[in-house]
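*Asks:* Sequence:
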Amino acid sequence: MTERVVLVTGSLAEPRVKRMANEIGGETIEPVVANVGVKVAALMTTDIVERRLKLPDGVDRVIMPGRFRGDLERLSDFFGTRFERGPDEIADLPEYLGQARQKVDLSQHNMTIFAEIVDATTMSVDQIIERSRKLRGEGADVIDLGCLPDSPFPHLEETIAALHADGARVSVDSFNSEELSRATRAGADFLLSLSEKNISIVDEGPAAPVLVSSGAADMASLDRVIDIMIAKGRPYYADPILDPIHYGFAASIARYYDLRMRRPDIPILMGIGNLTELTDADTTGINALLMGICSELNITAVLAVQVSPHCRTAIKEFDYARREYYAAKQANALPQGFGGGLMALRDRKGFASTPEEIEFLASQIRDPNYRIEVAEDGIHIYNRNGHATGQDPFELFPHIDTRADAGHAFYLGVETARAEIAHKLGKRYAQDEPLEFGIVAGTKGSADDAHAMKFKEAGSTFGKKDDAPAAAAASGADAKPETSDAKSAAATKAEALVAGSVASEVGTKAAAETKTADTGE
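The opening position of the sequence shown corresponds to residue 1 in my numbering, with each subsequent residue numbered one higher.
Everything labelled a hint here was simulated from the structure, so no lab data went into it.
Take these hints with a grain of salt, some might be off.
Cβ pair distances, simulated, as ranges [unchecked claim]:
#, residue 1, residue 2, range
1, 3, 216, 55 to 65 Å
2, 155, 84, 51 to 61 Å
3, 15, 331, 42 to 52 Å
4, 244, 331, 49 to 59 Å
With a straight-line cut-off of 30 Å between C-alpha atoms, the simulated BS3-like cross-links for lysine-lysine are [said to hold, decoys possible]:
#, residue 1, residue 2
5, 349, 18
6, 18, 39
7, 349, 329
8, 18, 54
Quick reminder that beta carbons are idealized off the backbone N, C-alpha and C, glycines included.
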């Protein structure tokens, strides 16, 4: 059955939206473009839409521009059909419509993440609890207490009890058999690692062991301890050990493959630190590849460490990867189109507009506010007085009039610097919005928000700073309710929005002073 979808837009964006509608139309979807008669789509209000929008018969849903700030529920009630916000950029309509047909759930996974605190013996119980909470907040399921050679751990039992009281599962990672014995007797959940040499420790307490071979690549000894645990009916993980590059990496991958082929049902753990920590490369790509191996071989646990500064988001990355790959595997699909949280440096669609599209938009502008966009050929900045393109903000400076306002100059400097970074990396740039660096830059909000796959709600393009009240108090300013003047200033700024792109600037001092003003009706 073909779904009939109305794409609401304004005059400037209409040609692009129509071209996009022609591209995405097919057997499953029939897009219809509706121009409500405003020049800039983002300036539509609920009242304007109610007065001007004429819907054809048989409409299944109506998609508003991503930065439309009106009341969707009110419009749905008024027209008797579902209204929703689409993507911020016209170029993202195909992806958005595909996602809307099949929602992706990233809340599920089948992998346990062990996060090692490598210097636990040198930390107090309170410090370990604090670190544990941070790691668990990033996605860790088990806190692994790393024990150092010749570094006593007199508070091991106290630490295990405190972590359990705080809701954490605990593993103890030591080469010292006595410490492992103390750990299982104290109620640790897991022990890293046991081999034929010390497998008897499993009888001293409830901890599930991570099993390793007695010597390098001695898979026969690993098989023997696996059989011991199977005979006991006790839980365990088997770990063939992932070796660093040039020190047996390829052979170690082969060991994991061989073990899975021979034993299709046993639980396997992979320690990823030998690759992430010992390779000078961004961890997002490494973790994406390792997660792919884990997904194909049904490896259901990883041990991650964050010692080197370049690995500081490794746990967060693997937490995202396990969800994305699980969803892809359940859908029998490639790991594409499931949120892209591991794409930190580049975007799959780095440029929202072509140089020709920007040239057309620039020719339609009749006000002095600067718009900034990025295309394959460089940074574009334009207003009614002209259109300049360059690879570097310094190339653009002679074409920008910043004499009126120091704040104006600062704003344009920040935005063109962002645009330069986006152009060099091939990232999506939207004026007034921070660059997106995937999961590595952090996700605000709850864990559910972090793992939800959705386009953001539209809101003011002014940056809202958490410390704004404190700043106002420091300056002696009294908090005042929003006034019509403030709304007017925000609306003036909103006029800089063009064709569904965040293309606004602080064009006047009044607008600069009302950065938290909303453009609601």
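*Asks:* Holds or violated: 55 to 65 Å for the Cβ distance of residue 3 and residue 216?
*Replies:* holds (59 Å)
*Asks:* Is it true that residue 15 and residue 331 lie within 42 to 52 Å of each other by Cβ?
*Replies:* Check failed, 35 Å falls outside 42 to 52 Å.
*Asks:* Regarding the pair residue 349 and residue 18, is the alpha-carbon distance no greater than 30 Å?
*Replies:* Answer holds: residue 349 to residue 18 is near 20 Å, not above 30 Å.
*Asks:* With the threshold set at 30 Å, check whether the alpha-carbon distance from residue 18 to residue 54 stays at or below it.
*Replies:* holds (17 Å)
*Asks:* Between residue 244 and residue 331, does the C-beta distance stay in 49 to 59 Å?
*Replies:* violated (34 Å)
*Asks:* Are residue 155 and residue 84 spaced within 51 to 61 Å by their CB atoms?
*Replies:* holds (55 Å)
*Asks:* Tell me if the straight-line CA distance from residue 349 to residue 329 falls inside 30 Å.
*Replies:* holds (24 Å)
*Asks:* Does the alpha-carbon distance linking residue 18 and residue 39 stay inside the 30 Å limit?
*Replies:* holds (15 Å)
When the structure is compared with the earlier hints, violations turn up for hints 3, 4 and for no others.
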